[in-house]
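> Protein sequence lines, in the order shown, are assigned to chains A and B. Its first residue numbered 1, the first sequence is counted upward by one per residue in my numbering. Its first residue numbered 1, the second sequence is counted upward by one per residue in my numbering.
Treat the hints as calculated values from the structure; they're not laboratory data. The reader is advised that the hints may include incorrect statements.
Unchecked claim - Below 20 Å or equal to it, Euclidean Cα-Cα: the simulated SDA-like pairs (lysine to any residue) are:
1) LYS61/A to LEU117/B
2) LYS316/A to GLN66/A
3) LYS234/A to ALA140/B
4) LYS229/A to LEU203/A
5) LYS229/A to GLU264/B
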Amino acid sequence: MKKDVSKGFVNVVFIVLGMLTFLTMTVGPAAAKDKIRIGCAIALSGMNAVPARVSQVTEYKLWAEQTNAKGGVYVKKYGKKLAVELVFYDDNSNIETCTKMVEKLIVQEKVDLMLPPWGTAFNFAVAPLVSKYGYIMIGSTVSSAKWKELSVKAPYLFIILNQPQKQGKAVTELLQDVGVKSVAIVYVADLFGLEHSGVVAPLIGQTSIEIAMLKSYPLGADDLSPLIKRIMAKKVDAVLAYSYPDSTFLLTKQMIALNYSPNLLFFGVGQHYPDYRESFGSKTVEGIMGLGAWNPKVPASGARDFFNAYVKRWGKEPPRWGEASSFAACQIMEQAILKAGTLDQKKLRQVIASETFPTVIGQVKFVEGTNPNYPGDVGQWQSGEYEIVAPKIKRTAEPIYPKPKWPSRK
Amino acid sequence: MKLFLDIIISGLIQGAIYGLIAVGLNLQYGVARVLNVAHGEFVMVGAFATYIMYTVFGINPLLSVAFFSPVSLIAGFLIYKNLFQFIRTSSETAEMFEGNSMLASFGLLYVIQNLALIWWGTSTKAYSYLSFSVGFLGVAFEANRVAALFVGVAVMISFYLFLRYSILGKAIRAAAESPVSAQLSGIDVHRVLGICFGLGVMLACVAGGLVSMMKEITANMGFPYLVTALIVLVLGGLGNIVGSFLGGLIIGLVTAAVMYWQPELSLVASYLIFTIVLLIRPQGIFVRQTNGR
Chain A
1 MKKDVSKGFV
11 NVVFIVLGML
21 TFLTMTVGPA
31 AAKDKIRIGC
41 AIALSGMNAV
51 PARVSQVTEY
61 KLWAEQTNAK
71 GGVYVKKYGK
81 KLAVELVFYD
91 DNSNIETCTK
101 MVEKLIVQEK
111 VDLMLPPWGT
121 AFNFAVAPLV
131 SKYGYIMIGS
141 TVSSAKWKEL
151 SVKAPYLFII
161 LNQPQKQGKA
171 VTELLQDVGV
181 KSVAIVYVAD
191 LFGLEHSGVV
201 APLIGQTSIE
211 IAMLKSYPLG
221 ADDLSPLIKR
231 IMAKKVDAVL
241 AYSYPDSTFL
251 LTKQMIALNY
261 SPNLLFFGVG
271 QHYPDYRESF
281 GSKTVEGIMG
291 LGAWNPKVPA
301 SGARDFFNAY
311 VKRWGKEPPR
321 WGEASSFAAC
331 QIMEQAILKA
341 GTLDQKKLRQ
351 VIASETFPTV
361 IGQVKFVEGT
371 NPNYPGDVGQ
381 WQSGEYEIVA
391 PKIKRTAEPI
401 YPKPKWPSRK
Chain B
1 MKLFLDIIIS
11 GLIQGAIYGL
21 IAVGLNLQYG
31 VARVLNVAHG
41 EFVMVGAFAT
51 YIMYTVFGIN
61 PLLSVAFFSP
71 VSLIAGFLIY
81 KNLFQFIRTS
91 SETAEMFEGN
101 SMLASFGLLY
111 VIQNLALIWW
121 GTSTKAYSYL
131 SFSVGFLGVA
141 FEANRVAALF
151 VGVAVMISFY
161 LFLRYSILGK
171 AIRAAAESPV
181 SAQLSGIDVH
191 RVLGICFGLG
201 VMLACVAGGL
211 VSMMKEITAN
221 MGFPYLVTAL
231 IVLVLGGLGN
241 IVGSFLGGLI
251 IGLVTAAVMY
261 WQPELSLVAS
271 YLIFTIVLLI
281 RPQGIFVRQT
291 NGR
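Start from the sequences and build out the full structure, keeping to the hints where you can.
Written as structure tokens, this is what we have:
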């Protein structure tokens with residue numbers, strides 16, 4: 001009999017322990033939430049790995065480290081600061097893999113927030129997906145005139161980078177302002193080149209500037225000297241090349257070797273890298289212009305701090321365009337969590353869509369899902385800094401025109 | 001006339017680079033039967049090595065290319081001996097070896113690329129060497145590209161003479177035609193195939209060194225060269241070393257010509273040739289109909 005009583009007691013103890021364990025398992029995580037998990041499916045390998053790491057991964061890691069160093073992000077719902085944890089998945093530069101990875105991060109990893117993949121096409125591919133699951137995403141490497149059509153299907157995607165229409169207008173005004181008479185426009189034959197040239201050419205066409213040439217060239221070209229020689233024959237004042245980093249470097253190299261230096265030389269992407277300045281030298285790149293610009297002199301709180309922190313952490317200067325906006329996107333998410341007091345995506349979306357956020361790229365207030373107030377639409381290398389020269393009201397320096405000739409070489 | 005000369009020289013310059021890379025791949029796939037998808041990564045390694053030697057130590061890129069040739073040959077040989085030879089001996093059939101070795105080379109691609117990303121980081125770099133133009137019959141060409149053409153052609157002629165007249169070259173040709181017969185004739189096939197793989201790596205590194213004089217360098221620059229090499233391989237014919245070099249020159253010439261008139265179609269032209277050759281002459285345009293010699 002005594003034996004039965006003790007056996008029953010042991011059973012009760014086990015049941016109670018079991019119930020406690022169950023309660024801990026079900027209620028525990030919410031009560032004991034100690035970090036904000038942020039998912040990001042992005043190219044860590046493959047063709048897009050270099051630009052993805054340069055323009056996003058580096059900035060996200062810097063933000064996470066800085067945020068955790070100050071104890072994390074305060075979330076009112078939990079009554080404390082939560083550390084942030086970045087969960088990266090490698091999409092292998094494959095758009096299909098990217099969509100699968102995004103879904104996996106949301107459904108299986110159950111991350112609290114999402115960061116975008118690299119590039120316009122990838123962002124467009126995942127935008128309907130994140131919107132379906134109701135996750136906000138702030139794209140910092142998205143630039144497309146087609147955005148308006150997609151935004152209806154993707155209300156949770158915000159775009160922080162400057163967009164082709166606005167940049168096209170700034171480029172045209174700059175050409176008029178410095179007195180360009182004729183221009184050759186060349187562009188890489190993909191969505192980026194087609195859209196930007198498709199915007200800027202009609203705008204220039206409405207002015208008195210003559211478009212002497214409008215030609216595309218293929219992605220990954222190994223020799224662009226035939227194109228350069230055709231441009232040289234046109235004797236234009238300005239060359240606008242809507243190029244990616246590979247062709248930006250190649251065109252520069254070949255133009256130097258062929259001793260062709262137009263009065264205005266403008267590239268798409270890559271000319272804003274400090275690597276570009278270091279590869280060719282400050283004197284050589286003096287006066288070269290490019291699409292989009294940011295520098296630590298812009299009137300934005302923390303711009304200089306971001307620049308210094310980047311140099312300290314990575315041992316080199318940050319590129320001077322959309323990279324700062326990747327950091328700014330994280331700042332916006334952080335501020336939105338503070339304001340909403342929760343990680344609830346609907347509430348966060350509401351805050352992001354309606355509030356104004358001070359960031360390293362200035363005050364950001366999204367209008368119809370995009371940021372109309374980017375700090376610079378055109379940059380120009382001047383004495384080692386990538387100065388903002390358009391739009392006029394945001395200049396950090398007056399444009400140099402004509403561009404100095406290439407320095408003499410041995 | 002000037003335009004014609006411009007297209008021919010520009011095409012030959014680019015074609016020589018494609019040819020070198022394709023000959024390397026042909027030695028690896030046509031002879032050693034390893035479809036090495038990491039081949040482009042060795043172009044990147046060659047470009048990095050040359051860049052560092054020039055910018056850090058001030059060593060002439062062409063000297064670096066000469067220095068790294070035997071180093072890369074030995075490295076390639078060791079990769080074959082330690083990775084692909086093991087797969088060859090453990091694969092039951094030739095088809096199984098081809099499949100397994102290709103998968104292993106995918107692994108090699110990711111290992112090399114990620115090591116480069118870790119070590120090199122996300123930098124895009126370039127340097128200026130012979131960065132001026134030289135005139136030839138009134139047409140201007142970049143001096144570094146002309147130098148690359150001379151080196152490329154010199155390497156290929158030396159390589160052709162080596163294959164044609166040296167004992168080892170004859171052994172390679174024998175192994176390419178029939179590994180079994182070669183083995184029965186007393187040729188150490190594993191050693192020969194290892195050397196073929198090593199020579200493939202060497203040619204990719206030489207091409208990479210030359211490319212570094214002309215273009216920017218990044219950790220992910222290699223893959224497009226693999227794609228071009230595969231096109232050239234199909235054009236020249238599997239196992240046909242001279243055909244690969246000539247195929248490279250053809251692709252270079254066609255690309256240069258199209259680049260003059262319709263730049264946007266220059267890539268399309270390469271793929272069009274590739275498709276036509278696959279349709280009407282899948283064994284390659286330089287392979288004799290008899291038995292692929």
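> Report the numbers of all earlier hints that the structure fails to satisfy, in ascending order.
4
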